[in-house]
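Protein chains in written order, with this note's numbering: chain A, 142 to 615; chain B, 142 to 615; chain C, 142 to 615.
Treat the hints as calculated values from the structure; they're not laboratory data. Hints should not be assumed to be uniformly reliable.
Identical chains share a label here; the pair holds if one copy fits it or two copies do between them.
[Stated by the list, open to error] The list that follows gives simulated cross-link-like pairs (lysine to aspartate or glutamate, EDC-like), each with its CA atoms no further than 20 angstroms apart:
| id | residue 1 | residue 2 |
| --- | --- | --- |
| 1 | 186 | 331 |
| 2 | 161 | 151 |
| 3 | 328 | 184 |
| 4 | 145 | 593 |
| 5 | 267 | 593 |
| 6 | 241 | 221 |
Single-letter residue listing:
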Amino acid sequence: MIKKWNFPEDRFFDPDASQKKIAMELYESVKDLPIVSPHGHVDPKLFSRDSKGFGTPADLLIIPDHYVFRLFYSQGLPLEDFGIQRKDGSKEGIEQDHRKIWQRFADHFYLLRTTASYSWLAYEFKVVLGIEEIPDTENAQNIYDEIQEKLNSPEFKPRNLFDRFQIEVLSTTDGAADPLSIHQEIKNSEWKGNIIPAFRPDAVMNLGSPDFKKEINQLSGISGVDIIDFKSYIQALESRRRFFKTMGAVSTDHAVVSPLTSELTESELDRLFQKALKGESTEADQAAFSGHMLNEMARMSCEDGMVMQLHSGVFRNHNHMIYDRFGADKGCDIPITTEFTRNLQPLLTKYGNDPRFTLCLFTVDEYTYSRELAPLAGHYPAIRLGPPWWFNDSWNGMSRFFDSVTETAGLYNLSGFIDDTRAFPSIPARHDVWRRVVSNWLAKMVVRSFIDMTDAFELANMLVYQQPKAVYKL
Amino acid sequence: MIKKWNFPEDRFFDPDASQKKIAMELYESVKDLPIVSPHGHVDPKLFSRDSKGFGTPADLLIIPDHYVFRLFYSQGLPLEDFGIQRKDGSKEGIEQDHRKIWQRFADHFYLLRTTASYSWLAYEFKVVLGIEEIPDTENAQNIYDEIQEKLNSPEFKPRNLFDRFQIEVLSTTDGAADPLSIHQEIKNSEWKGNIIPAFRPDAVMNLGSPDFKKEINQLSGISGVDIIDFKSYIQALESRRRFFKTMGAVSTDHAVVSPLTSELTESELDRLFQKALKGESTEADQAAFSGHMLNEMARMSCEDGMVMQLHSGVFRNHNHMIYDRFGADKGCDIPITTEFTRNLQPLLTKYGNDPRFTLCLFTVDEYTYSRELAPLAGHYPAIRLGPPWWFNDSWNGMSRFFDSVTETAGLYNLSGFIDDTRAFPSIPARHDVWRRVVSNWLAKMVVRSFIDMTDAFELANMLVYQQPKAVYKL
Amino acid sequence: MIKKWNFPEDRFFDPDASQKKIAMELYESVKDLPIVSPHGHVDPKLFSRDSKGFGTPADLLIIPDHYVFRLFYSQGLPLEDFGIQRKDGSKEGIEQDHRKIWQRFADHFYLLRTTASYSWLAYEFKVVLGIEEIPDTENAQNIYDEIQEKLNSPEFKPRNLFDRFQIEVLSTTDGAADPLSIHQEIKNSEWKGNIIPAFRPDAVMNLGSPDFKKEINQLSGISGVDIIDFKSYIQALESRRRFFKTMGAVSTDHAVVSPLTSELTESELDRLFQKALKGESTEADQAAFSGHMLNEMARMSCEDGMVMQLHSGVFRNHNHMIYDRFGADKGCDIPITTEFTRNLQPLLTKYGNDPRFTLCLFTVDEYTYSRELAPLAGHYPAIRLGPPWWFNDSWNGMSRFFDSVTETAGLYNLSGFIDDTRAFPSIPARHDVWRRVVSNWLAKMVVRSFIDMTDAFELANMLVYQQPKAVYKL
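Only chain A is shown next, with the shape it has when bound in the complex:
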């Protein structure tokens, strides 16, 4: 039985008539605001002169999206069947026929109902691609044809879609040794899309990586700094940050298992650094170095004004069988308990009062919201709370976030929405969920007389548009 998408104007809003009326007025006032996207993982090549575009429907919606194929895998469907490429490059057993991949996706699409991915895909099908029917076994190939035709049309070239989405600014995430040549090419082009880089030095800070020496060599090469000790290493990082800033970067990004921060002496740092160059780092070395380097990054942010983003608390590549065959980012990263109060104290007591410093905190452990994150954000001038991240980026996840942090931290200590996605067509879908949740939540506050309508209109605009620009100095 073929079914059509049901997309009433009031979707996602609580049903009470008085509250819904307010929510709809608020949503009306923010739904067409430009998209500000200060952090994400879209590949800038998509917007380069010789962009290959989006490829097939499977390339667009399935193969790159671990949020989606993860769920099929959890129901016993092999990743090979969805065209996920093997780490070793072997194509054996990997489905190459995108029509077959698409058919499987449509056959099992019903499994996704009630997930966040289902709500984003609904928007992408209906609003972005103009597909009226919900994919299933029967209509799969017709929908494939319909989407492919659109993807081949000029309207669906990435730059045109970027413009249609009204993206005011989009930040990518880039390694410390990245030459940013694609960013330069886009800057030089006639196209006016505002795509900026973000500085993510994880690879050159991870002492324990087998590639550490190689990464440092690349950093040395591109920075022109001969990295022979901790001091020259820091100089090279500072040099790259300066370069990123000239290219428009406004932020740095740091992914760590634990948000531990600490201060080591220069001689200890040098010892750890030299050990790492010889490939002899222990896990303890790595953790201690990482703790110090977060402090170092905070210092540099005070000096150069780049917003520091901290993403912590994920056990990456939990499933060795999947990691060994398919590599990273295949849906088997699992959150762990995260502790902020004690771990961030050394950094915060030193830099958290500095008016030049902004630290955006992200967590996949929502059970820190009211206990740690809201009280920290409600005191330290440097802290802003990123929106619900990853598994929490959803209607309920956002609703719980607002209910849990705002009474203690207020709304002005939030960063506004960040989509953090590598799936470009999901960007407007994700921002739309935020706009709807913001409207619904503020309507809840109005109808209970915590705030009035004037407040609500102001705060909706702030949370959707002004705040991310202010926090990220855009």
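Once you have looked at the hints, place chains B and C on chain A.
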């Protein structure tokens, strides 16, 4: 003032009219489905040829139910007053008059208002027993008479109640050395009630127990395997699993303090096992052995297809005064923080991808739902999430569960409802709460346009009836 | 644009008409009940014969309230600008002009919208002070004048406000060595306000404090016990408890980082105590001693009947820069993960069954509610759960509390509301939030048929008035 039970058709549903209408339609479609009960602790003797039946009203509703007398105890009423038997068999100070026990229960029944037990008892009084009045001081003895009369009637013989409850299958929980003779007797009888055993080897896996040697001897005796080392121990366990399977068992059950899993070498295992036989195990030995044995159980489940159930995170017998006087299961088991991501990783990375394996996870630490359990279930094909367990088996507990896990894990990675009760008359009451919460929650999703009515009818049926049968291969 | 406070009768209630009608009936029945305030930090000097009164509007609402200035600080406004006094007494850079402080407060008042402080201040402005307008840049000085005029009037003398607030009893919190002379003076006066002390011996139990020796000397002096060893130390504490009881105290209060409890031997205790007098305590000494002393306090509570209050889980003075300049209680205390099940077990298994003992537990870690606190309170006769504390003392914080604990612990194991404030004018505001949340939550239970209206009226009265009197034996 005597009050009557208020049992409107729309009880437990959110009040919004549009949502409630949908919830009632959904509930109407699932309320009369047969009960599938794949895990619980009802004593099979209740259904044997020479069953003693339910006894007095106090035997039925008070004395065996630690969910209930726990609450009276917390308000300062001694357990002795409710006829709870002492561990040493002494009757001194223990109330023997069931009418007096019943009177105390009725006198203090008001203390239970707003608890989950109150909502189950309401159903048991009103629907199961046909009692219209809420027990209080005044009507206590009349209600006692009324119930006793019913319990003496043929309609209230356990087998007849089983049939009236429309229980399609009921699993008990049985020790590894249990001969399952009652199960055999029920199979052999003319009665068609489907009661199956479940394999729970905790007693023969708990190295530190003072009875370990005795338990192993029993296991040896019943399995016919001469248990002299770790290898023969494993053979005996495998042999018992085969026997349980022939008796209809579809699952195993494991209660551990921490869900730690690990792999030890055979020589290390043998050393730990021999030490235990001599009664010399340390706590560390016990923890290490338990971690390995979970892995071993996962391996066996891959081989024999029995669903592995894991119940962890409870500090048993927290109150020594109560434990010393009354023994286990007296309401003083208290949950502790539980960690799944790191602890289960060794087991999952090895067996979690096996299509033959199903692992049902239960927790009394709801603060793992969105952080750990939903992401794990949304990736590993083996994992299914059990419903809210024990203290979380309640209207709010279930509502939070759906709100917290479904956006990440979807609905198809849940197990459906499991009542896990030893209180037989509470079974329909508990399943009714699940059916009402499922209907209410799906209605919430429909009225917000996350899914449509066709989806909702399908998913309600799935969550109430199809899913537990599919997950437990019934 | 000047805006007026919007204070409809139904504020804070959920919008569903059927539920709201019930909520309003319930609220109507409890809104005018006397205030029972069994724990807080109001300075008793406010009510002494020579009370200085409330001072300026800034003295009343800004300078003493770290809940408020914390939020301005988090937005980059220096504490100096709000007249917060420095630890060293220096006035350099500290704003002394209260009109300027008030202007800044009004200029930035919009930043507080949606916080708990905003809802309390709304009540204080509108109901306590009769100010119709919401403070902003424009009306700031007019409002200042209006408030100052009121504060100068007899109606706003503290004793008169106490009477107007209908406070039946107010407990202060007082050091073990406090002579309670102000309390004595109030008792002796013609004024009938019932202000009682509470015994808080933290300063004389904190081995690691640099002032420990000094504190012990004071304790020795006031108790008349020559404190030379652990035994005499205990005698001095017991003597002070007796004195506090004669002065009307009904409770003790203990602030600890972790709720660890333990039992040490007398010789070990003596060794730790002697070390502390020499200023040689380690952190481990301090933790062990604190663990034992909680047990000791439980024993004394069994003997003298004083309710034991335990506040744990806060990392005090997290921000060294603020602490070094301004001292304690400046908004930089941040919660940490708290563990009750294991930590309290030694104390509970020994004293938790004693009918003479009441232990009120408070937490800023709400992620222990359903896992630990509700199961503990639903079993041990001694335990009562304090209401949501500090950062959780808010509309959502309270709503989550009721939803998380009541199904397991029932309502009779709660303590009722405790305002725990040092901001006297916020007392009726805080109690009003509780009364509204209680009414809203009970209405939610009625409209879903968990309880009926008779139950709800009874329970509302119990939660607002009877329960705190019963629990605190007032």
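Hints versus structure:
1. For the homomeric pair residue 186 and residue 331, the shortest alpha-carbon distance inside one copy (16 angstroms) is at most 20 angstroms, but the shortest distance between copies (73 angstroms) is not.
2. In this homomeric assembly, residue 161 and residue 151 come within 20 angstroms of each other (Cα to Cα) both inside a single copy, at 7 angstroms, and across copies, at 18 angstroms.
3. In this assembly of identical chains, residue 328 and residue 184 lie within 20 angstroms of each other by CA distance solely inside one copy; the values are 15 angstroms within and 64 angstroms between copies.
4. When the C-alpha separation of residue 145 and residue 593 is checked against a cutoff of 20 angstroms, the pair qualifies only between copies, where the shortest distance is 10 angstroms, while the shortest distance within a copy is 38 angstroms.
5. For the identical chains of this complex, residue 267 and residue 593 are inter-copy neighbours only, at 15 angstroms across copies versus 34 angstroms inside a copy, given an alpha-carbon limit of 20 angstroms.
6. In this assembly of identical chains, the alpha carbons of residue 241 and residue 221 lie at most 20 angstroms apart only when taken from the same copy (12 angstroms versus 67 angstroms across copies).
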